[in-house]
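Chemist: Protein chains in written order, with our numbering: chain B, 1 to 523; chain R, 1 to 625; chain F, 1 to 503; chain P, 1 to 133; chain A, 1 to 177.
I should point out that these hints are in silico values taken from the structure, not numbers from a laboratory.
Ideal Cβ placement from N, Cα and C applies to all residues, glycine included.
Only true hints are included.
Rough simulated footprint, nothing fancy, chain A against chain P, three-plus residues with beta-carbon under 8 angstroms: (1) 7 to 19; (2) 31 to 40; (3) 44 to 51; (4) 80 to 89; (5) 95 to 106.
Simulated restraints, written as ranges between beta carbons of each label pair: (6) F:T464 / B:P413: 32 to 38 angstroms; (7) A:V29 / B:L35: 36 to 42 angstroms; (8) F:R305 / R:F548: 34 to 40 angstroms; (9) A:L102 / B:R44: 49 to 55 angstroms; (10) F:R450 / R:L536: 36 to 42 angstroms; (11) A:L102 / B:G60: 48 to 54 angstroms; (12) F:R450 / R:L557: 28 to 34 angstroms; (13) R:P494 / F:E452: 54 to 60 angstroms.
Here are a few chain A residues that sit away from chain B, every Cβ distance over 10 angstroms (derived from the structure): (14) A10; (15) A17; (16) I59; (17) L60; (18) F72; (19) M75; (20) R78; (21) V81; (22) K94; (23) A99; (24) A130.
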Amino acid sequence: MLTETSARLTGVPSIDLVALLPVIAPVVALLLILLADALRPGLRLPSDLIGLAGLLTAAGGVAYLALDGEDRNTACSGGFVVTTGQTGPTRLPESLSPAEFGFGCSYVVSDLTLAVQGIVLLGAVACLLLALNGPGAKDRTAHHTLLLATVAGATALAGARDLATLTVALETATLPTIGLIALRRDAQGAQAAVTMLLTAIASLGMLLLGIGLLFLATGSLYLFRIADVLAAGPDRPVLVVAVAGAVLSLAGIGFKVSLVPFHMWTPDTYAGAPLPIAAFLSTVSKAAGVSAAVVLLGIGLPALHEAWAPLIGILAVLTMTVGNLIALRQNVAVRLLAWSTVAQAGWVMLPFAAAGPSRDSVREATAGAIGYLLAYVVASLAVFAVVVLVARHHRSGEEHTLQTYRGLSRTEPVASAVLAFALLCLAGLPPGVMGLIAKVVALRPVVDAEVWPVAVIAALNVALALAYYLRWVALLVAPGDRSAPRWRLRPAEGIVLGGAAAGCLGLSVGAEVIAGLLPGILH
Amino acid sequence: MTESAALLAVLLPAAAAVFGLLTKRSWAADWAVLGSAGALIAAIAELTLVSTDGPVSSIGLLGSAQLGSITIGLDLRSDQLSAVVAVMVALVALCVQIYSTAYFQGEGTAETPTRYRAYAATVSMFTAAMMLVIHAGDLVLLLIGWEVMGLASYLLVGHHSERAAARAAAVKAFLITRTGDIGLVLAVVVLIAGAGTTSIAELNRAAAENEIGHGTAVTAVLLLLAAVVGKSAQFPLHTWLPDAMEGPTPVSALIHAATMVVAGVFLVARMLPLFLTAPGALQIGAVLASVSMVGAALAALAQTDLKRLLAYSTISQVAYMLAAVCVASDRELGSGDPVGLAAPGVAHLLSHGAFKALLFLAAGCVVHIVGSTALADMGGLWRTHRSLAVLFGIGLLGLAGVPPFGGFWSKEAVLGAAEEAAHAGTWVGWMVLVAGVATIVLTGLYAGRAWSIVAMGRTQLSPAPHHLPAAMVFPLYLLAVPSVAFGVLLLWPPEVLHGLHIQPGTAITGALLAICAVAAALAAPRLGTADIATALPARAQTVLLDAFGFDRVIRVLVVRPVFWLATVVKAAEHDVIDAYVRATGPTTTIAGKLLRLAQTGLASAYAAWVFVGAVVITVAGMALV
Amino acid sequence: MTGTGYTWLLPVLVLLPLAGALVLLAVPLLSDRLAAWIGTAIGGVTLLLSLLAAFVTWDRGFGRMQLQARTDWISALGLEASLGLDGVSTPLVLLTALLAVLTCLHLTRAEPDRLLVVCVLTVTGGAIATFTALDLLLFFVAFETVLIPMWFVIGVWGDGRQEGQPANAAARFVLYTAAGSAVMLLGIILVITRTGTSDITELIQRGGAGLSATTQTVAAVLIVIGLAVKTPMWPLHTWLPPAHTIAPTTGSVLLAGVLLKLGTYGLVRVAVPILPAGMANVAPWLGGFAVTGIVWAGLACLVERDLKRLVALSSVAHMGFVLLGVASMTPTGLQGALFANIAHGVVSALLFFVVGALKDRQHSSDLQQLGPGLRDRMPRLGWLLTFGAVAGLGLPGLAVFWGELLAVAGAWQSSGLGMLNRPFAVIAAAGTVIAAAYWLRVLRVLWQGRPEPGQGPDATRHETVTMMPLVLATVGLGLVPGPLLGATAGVVRLLLPGGGAVP
Amino acid sequence: MIHLLGPLVLASVLAGLGVYGILARRNAVLVLIGAELLLNAANLLLVAASTLPAGGLAALGQATGQVQDPLIPGQSMAIFVITIAAAEIGVALAIVLLLFRARGTVELTAVQELGEASATYTETPQTAKANGQ
Amino acid sequence: MSGLEVLFIALAVLGGASGLLAVTSPRVVHCALWLVVCLGSLAGVYLVLGAEVVALVQILVYVGAVVVLVIFALMLTRAPVDPSPRLNGPPLQKLAAGAAGLAVGGILAGTLIYAVGGTEVQVRSGQGGAKPIGEAVFSGWLLPFELLSVLLLAALVAAIAVSRRPADRKRDEDGTR
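Given the sequences, and given the hints that come with them, work out the whole structure.
Modeler: Here is the structure:
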């Protein structure tokens, strides 16, 4: 007969505001914008500046934390001790050592966190600047608020180390985006929003079911604990529940990354959303999804790699193949980009196909994914910057076809050079060395693990993707209308264009950054 | 000194070719004549120096080529064999160059400007190449000269390239000889692999000392034999030579009579020690030579074209030389002294060079006068151009082997060698002997026939006597001297010809047969027909004229299958290999279109994919653990 | 033996053309002709520098990597930007620089275009980088660098008389080769991850030590596939004829003279020395495909109607000899492969110049339209064509011959090809007869024959000057092969397992 | 004591019904009702699981003490999920209303023109619309 | 079988049945009302499982707010009050939906039955109360809780921004949106 046992929480969480700066700064900016709007509606420049300042502060925080180099944990539960009627603690299950258990931290500042946050903030700043003349112009307050909320969610997601934070952050990074899409407030915007909303809800359902199963199996929401429990080699029934939970969670996150078959919303939503928002979706939102997957699988569930690694391998090659095949015949620029982001998603997730029992292999895979993500985001921003500019100067607007680009190099040599370079970066062919190194980084773990079918299909997809990227580049240099008026470049757009181009160039020369983004251990 | 002479013999014609092309058009003839004259002087100097100072084995020319562990020295060598042949080649080349200056006078129209400059340079290049073959100290170097000769032959046969027949002949000549030349290339390859050297002296030494493996030796010799057969127009690679008569006559005299076609024989003579290690291969050579000898002589008998007649006679005569060297292994001549064994072949090579060049150049004059090469258009030369007829007759008598003309001595030396082999009891010796004797008869017949048609016959010439330019006549006299006086050489034979033994029995028989045959042919007009060949049944005439239809055999067995295969390949390239490549386009398009069908725009359908995907991967995931 | 100094030479050699390209790209005001002259000057300086580099390398010994320049680039991948020159790469660098000069010179008169010059210089820089790279990944990056400019050359300046054809040919070229090199990348990554280094010299020294036979075979298959596409090897060659046919003269020359060399260079530099055990398994297949290619392309040439296409197909046959030499895995064969590589570069470049000149005059490259009677109509061009054809058919005394002879010799004595070595050698030798047949057919149709009056002028002085260096190189290499063979003689032993001893 | 399986099966049933509701319904609002069911299923799963002692199923066989986790993760999470669902439904209904305003219908089958395979898809809807108006 | 179990079964049957009706009923208003019943019975289930606060929040947020929202939405979108066949997709869609629902439910149920089997748990009434929950949220789950407030705020902003009338056209000065 057991004596009554009770557990007592020890300590209250302390919040490290510096560690959380990348999350807090956008939130504060968001609140300030709302406040400003309440006081003096219709302010334009101040809210732009506040939003930008929030993002830059967050970026500064990331930079500080990166330079600081110290790994920080925050929002940690104090854990709890168990007392019984007898003296001394009860004997606990071996998997639940130490005596103070239930300990965990919701937020960890690590290389992974900072890398993802950096990428997210990079994309966010660019998208904010791009949007200033577009969707951001009419509904400044709403647009900036929602964008900042998304960013807060995405940065929190990168540091999230428990399933509750993960879920809430993921939702924070998703729901405001749907609002952003709907800001167009016309039939297409509504349709695009509905399409994404429905997929998001369905995915949320899958994610929550998965989390429920994981919790059922392990009794914890903290990823480190889940990892420990699963690493201890539980019984098969528990393992089955955990695997089902893991895979369902993956399915729930997949839509955010545009992983096939959770990708269907992508082209429709991109096409229906304002272009800068499409850029936002393809960079920040996707980065958030990737970080969710990385955190969940890499940190929480490495023990289940036997189940998810092959699945990710299959999904990744499926994703890139489907994305490339459909992209081949696209004529609308934004749709082509949408399908290309689908294909690129496959590349981002590809390294995880190689995850093995060793911690190192998981770290390698994560490094590959994040490195690829960085290259992808930078190149993507450059492409979108040009596409936004073209749309602004073209009669048929956002859904302009590729034919609009015919002969662009004659009238806008710089912009078309940037576009061509960025497309080659996406394709992974020199002079886009950045993309090539990214592909090397992504393929390396897969080759190392000798997952040949996946590796070979991925390699062949390089050529497949090249076909449509080059089709676009070819149009740029094709003879075309020389009489088109020159562009009037606005400063914000100029900054994005120049910055993204400089990023592509800089990362091509200093490809070290892509390969060495995650040097440390994974946590 | 010897080195310089040998180098000059090779380089002077080469320089003449280059300068002839690069300097003024009007200097072309001067360069050409100067080049070959220089080569002749150099060759004579070389001969005297070699005879006094002895051979020189290594004269640097093109440096060396390092292949893995082997070094191929691209050097020249000079000995009496090369010097003697060089003199002959340079002499004929000089005659031909002088002859050509006149022969091509007035050639060229507005639409086809004269090609004399290119022609003269090509002949100079050919001379250089032949000199290179003669002097090569290394098989690879020899191969270079060998093939450049082939190229020159191609260019010169195709000189009148506006004529379809000339184009076809040029291509045929090059392709057939090149087919044989694969043998030479592969022989080099085999020797590199098997003997570790391609130096001729080294190979001969190693062969003499039995250092080369039997397999390597036999393979190499067989392969070399293929090249010899091709270049020397022996059965079965002989069909290009008669066609090559489409080239200008001086070219026929130089390349297709006196020099290039005998290069094969020269090669065998040069590498006889190596050949002697593979007697079986030599026997095959002897068989081919015998077949060529008799067959070509028969074909010559019925030719209706003077130049083709001479071409077949060339095949037949070269076969003599080849047979002579091929019976070498069956002769019992002391310890197998290779120089002595090669001597009969070399002797016939030299004398044949002289009389055949004379014949061709004389025939060129005839053609010049008549304006046609068909025998039917000729006749009565004796009455219009008596000196030319005499010179032509000298050549023919040499060809027929009537004593005391040069051909008699060399031919009897060949028969002597064959008899020697026959006495040693080998079937090869007997075969060559029988074939040789039979060919003497045939040769006499067609030689006589040619003279009777050309010199006697009805006069078909224009009434105004046609004056031949001095430049065309002078070489004839120059060549007539050795044709007549070759026998004198045998009184004080140079070292290379020391091995000549003329058996009195065969000599007398041969001389008698030759005289009778010539006489019979010459007597033909008195019997009512100018052409003794008409005495043959019509069917036989056709077969012989057609040279036993061997050309058609080749066309059916080789040319047509190759072109059929090429057509198949082209179709397969497009419809099989490339089809897969082309199919990727439509395949990806169709795949993309099919995949696109899922993009219905219906939001719930997209959600459905989420659920389906989730269920599928969940099942898969659970199956994986 | 190994001196120091001159370490700046190779980086400058690589960066000079690239920088020149960048400058020309960035300055749009230059006239096209001036740009071409600037390109010629840059090419000339590159050629002089590469001559200097060749001299220094020769002076210090071809057998080892000289003029090494190293700097860290991507240390996370172990990627060092390191360059070096030895007997294998020196001739190729020289060839590349020479062709850069000649193509730019060609561009000063014919089809001048600033951006085309940019492409030429980029290809030059990329190719030199490939030939000198001492790091596997750097090799790959450089290998890929030439793709895009070449794609531009074909797609933009291609013969556009038929709508869409240039784009098609260019796309086919770039997609085919990119697919191949992506597969090769897998092999390269495999080697790097298994050995832990991407330093080529280091890897060559190890000679496959530490790699299991299976790994080596897998890596060799992957790498060889990628390189075989580029080479190209039958049956992966079908991108080449359309690319050559459509490309402008400049493009064809670069394609034949520079791009195709990258593939075979990779085989010699990477596949053979680093993965000897793997290549031992792959070699018979490689040899088989090579020989098939020789015969196949030769037969296809026999009935081909388009001259440019024919020259392109003949390249497949030539490269077949190169591949056969590589597959033989003997010093002789490798030397032959390297020699044939250079020879093919020179001769094909010459032929494409000639064909380009003919095409400019006749606006067609169809044999029937070009001919007949070139020897009378355009004697200079006619003789240049004849020279090219004669060189192409492998006439001894001209450059191509040595490569073919040595490749066949290598195959004959190869133990790596197993039982098939001698049959392969014989078939390959027979292939030279087919080569003779189709070249003579070309001459018969084009050069010979009765001319039709009133067509096109003969080669201009400018054209002759452009082609003459190639003619001289062909003759020089053919008559005096010693230097080039000497350059490779020592180094191929280091590239082969066991010093290339032939049992 | 209560069987754990009961709530879990109920959660499964509700999840299945939710999925059916999301997929079968044409009316967007009703689709949202299905979504609510799905989310509630997840919630039920969490709450049911939180009745297990600390360590979840994995610790069930090993634990000698039935220690409850004082962090109560399951129930806390359930509360979060309810809140998320509320936020979600708020935005969703706003968008549905927007759709209704723009199109006059909330039937999902009526708004498909963004899908590439749908009958009403055009590559340049802007110009198409401009022509239509 | 304890009393709790009986209670649970009753609630479960009610919840399941009302859930089924909520997704199948041809009348829109009925759907909403059945949803209320379903969610209410779930609240009961939560109570049975000892999660008092969750049950309370369920009633407050769902039944109180969400369902009202839904009903408003139905009214605003002029949903038909009468039974309408147009509420559902075509039969094929329904069939597919049924299959998907069955698959999801089946796979979940199957997994859980396999893993949980006959495990019984002790329901502790004290744990789900306000104090422990409050303590837990503010000690362990502070960060998600705070983040949730951001989410709610953003959702609010989004809902308001989306449902505002479209801005008048003259603000479209760039010709972009």
